[in-house]
Amino acid sequence: MSREACFIDSPLLLTYQFYEGHPFTQQRVPLTRSLLEALGWLEEKQIQPPRIATDEELELVHEQGYIQLVKAVSTPNTLSAELRQQAYQHGLGTEDTPLFPHMHEASTLVVGATLSAVEMVMEQGIPHALNLSGGLHHALSGKASGFCIYNDCAVAIAYMRKKYDVRVLYIDTDAHHGDGVQWAFYHDPQVMTISLHETGKYLFPGTGHITERGDGPGLGFTINLPLEPYTEDESFISIYQSIITEAVKVFRPDVIITQNGADAHRWDPLTHLACSTSIYQIIPQLVHELAHQYCEGRWIATGGGGYDIYRVVPRAWALLWGVMSEQAITQLPLPPSWLQQWQPHSKEQLPSHLFDTPFPAMPRKQEIMEKNQRTADRVRNYLQRLQS
Numbered sequence: 590m591s592r593e594a595c596f597i598d599s600p601l602l603l604t605y606q607f608y609e610g611h612p613f614t615q616q617r618v619p620l621t622r623s624l625l626e627a628l629g630w631l632e633e634k635q636i637q638p639p640r641i642a643t644d645e646e647l648e649l650v651h652e653q654g655y656i657q658l659v660k661a662v663s664t665p666n667t668l669s670a671e672l673r674q675q676a677y678q679h680g681l682g683t684e685d686t687p688l689f690p691h692m693h694e695a696s697t698l699v700v701g702a703t704l705s706a707v708e709m710v711m712e713q714g715i716p717h718a719l720n721l722s723g724g725l726h727h728a729l730s731g732k733a734s735g736f737c738i739y740n741d742c743a744v745a746i747a748y749m750r751k752k753y754d755v756r757v758l759y760i761d762t763d764a765h766h767g768d769g770v771q772w773a774f775y776h777d778p779q780v781m782t783i784s785l786h787e788t789g790k791y792l793f794p795g796t797g798h799i800t801e802r803g804d805g806p807g808l809g810f811t812i813n814l815p816l817e818p819y820t821e822d823e824s825f826i827s828i829y830q831s832i833i834t835e836a837v838k839v840f841r842p843d844v845i846i847t848q849n850g851a852d853a854h855r856w857d858p859l860t861h862l863a864c865s866t867s868i869y870q871i872i873p874q875l876v877h878e879l880a881h882q883y884c885e886g887r888w889i890a891t892g893g894g895g896y897d898i899y900r901v902v903p904r905a906w907a908l909l910w911g912v913m914s915e916q917a918i919t920q921l922p923l924p925p926s927w928l929q930q931w932q933p934h935s936k937e938q939l940p941s942h943l944f945d946t947p948f949p950a951m952p953r954k955q956e957i958m959e960k961n962q963r964t965a966d967r968v969r970n971y972l973q974r975l976q977s
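Just so you know, we're using my numbering here: the sequence shown kicks off at 590 and counts up by one.
Hints are computed from structural coordinates only; laboratory data are not their basis. All residues carry an ideal CB built from backbone N, CA and C; glycine is no exception. It is possible that part of the hints are untrue.
Distance ranges between label pairs, derived from CB positions [said to hold, decoys possible]:
| hint | residue 1 | residue 2 | range |
| --- | --- | --- | --- |
| 1 | 601 | 919 | 31 to 39 Å |
| 2 | 823 | 691 | 19 to 27 Å |
| 3 | 881 | 608 | 41 to 49 Å |
| 4 | 601 | 826 | 53 to 61 Å |
| 5 | 826 | 952 | 17 to 25 Å |
Take these sequences, add in the hints, and give me the full structure.
Below, the structure is given as structure tokens:
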């Protein structure tokens with residue numbers, strides 16, 4: 590196996606599937622994996638199968654009663670009206686998170702895949718490990734939310750805190766606020782959560798204001814960077830690089846875990862940010878550098894959102910893995926074999942290259958950049974106070 594990076598994957602992870610046509614689909618993972626293989630960036634020896642998370646591990650974050658409810662509704666064709674109502678009150682069987690057969694088993698495998706990534710890094714000496722099927726950051730302790738049933742990121746962090754007694758930095762660059770992870774560690778000074786997302790004024794889940802900074806002993810260890818709609822690369826990256834670098838200096842983590850949603854892209858149908866694929870190389874590049882500088886390379890990455898599943902997500906996640914596995918990344922043409930395989934499935938013409946050609950600037954670009962910078966300046970002031 591490569592000593593640099595490990596790729597957690599199994600066909601069984603595709604069982605986390607609500608219904609055909611639902612915006613969240615694990616089909617994004619084989620799309621990405623086939624692109625990586627066509628590029629020559631992924632070797633069989635780097636791929637490791639996931640394990641299943643235990644109830645005890647889920648209970649590090651989730652209420653026991655909620656876990657039992659998920660089990661009970663995992664055979665949805667035989668449910669009573671009363672049980673369906675109970676499930677609905679806990680976010681299950683909703684439009685966002687509908688019931689599907691074997692839901693508990695599929696969800697515990699996703700959590701187990703992220704725990705497998707943790708164990709490869711913390712026990713096997715592999716510096717970086719990736720679970721693209723994970724990143725289910727909206728699930729709360731007793732409630733499903735936003736396509737997420739169990740919160741693999743939060744369980745992984747709690748698992749690392751309990752088993753390895755480490756300081757954990759969580760970085761979330763999904764366009765949607767990483768609310769479930771934030772609330773799980775809102776009082777914990779040994780976990781710093783950073784979420785860079787589209788402002789909740791206009792986007793689910795409606796949280797992630799800069800005033801959400803933690804509570805009690807955890808005050809200051811929750812960082813939110815809500816961005817204006819139609820934010821482009823320059824503003825996104827400037828704020829990301831400055832705040833993440835400063836936060837790592839202040840917090841000095843033992844390990845970094847990232848949620849790498851690919852829905853900040855201009856073509857994403859569910860969000861309003863306006864970035865290109867260029868950010869999806871720059872985001873992990875900085876984490877890679879900081880992990881080696883502060884954490885002896887320890888970095889666990891997950892997938893997340895991303896709803897333009899053919900044109901955007903495979904390229905964004907290929908760039909993530911390319912950085913993790915230290916590939917020579919340039920403006921490569923997408924392999925003809927990959928384009929031929931997937932173009933018949935896409936309603937849109939697939940891009941020809943790994944990076945986008947430049948997009949025209951959005952209206953109000955300067956105003957948007959100035960608003961984002963004011964937000965970043967306020968967060969920087971918080972960080973300076975934490976340092977002092």
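Hint-by-hint comparison with the structure:
For the pair residue 601 and residue 919, the beta carbons lie near 34 Å from each other, so the given range of 31 to 39 Å is met. Remark: the range hint 19 to 27 Å for residue 823 to residue 691 is contradicted by a beta-carbon distance near 45 Å. Taking the beta carbon of each, residue 881 and residue 608 are about 42 Å apart, inside 41 to 49 Å as hinted. The hint said 53 to 61 Å for the Cβ distance between residue 601 and residue 826, and at roughly 36 Å that hint is violated.
For the pair residue 826 and residue 952, the supplied restraint of 17 to 25 Å holds, since their beta-carbon distance comes to about 20 Å.
When each numbered hint is compared with the structure, violations occur for hints 2 and 4.
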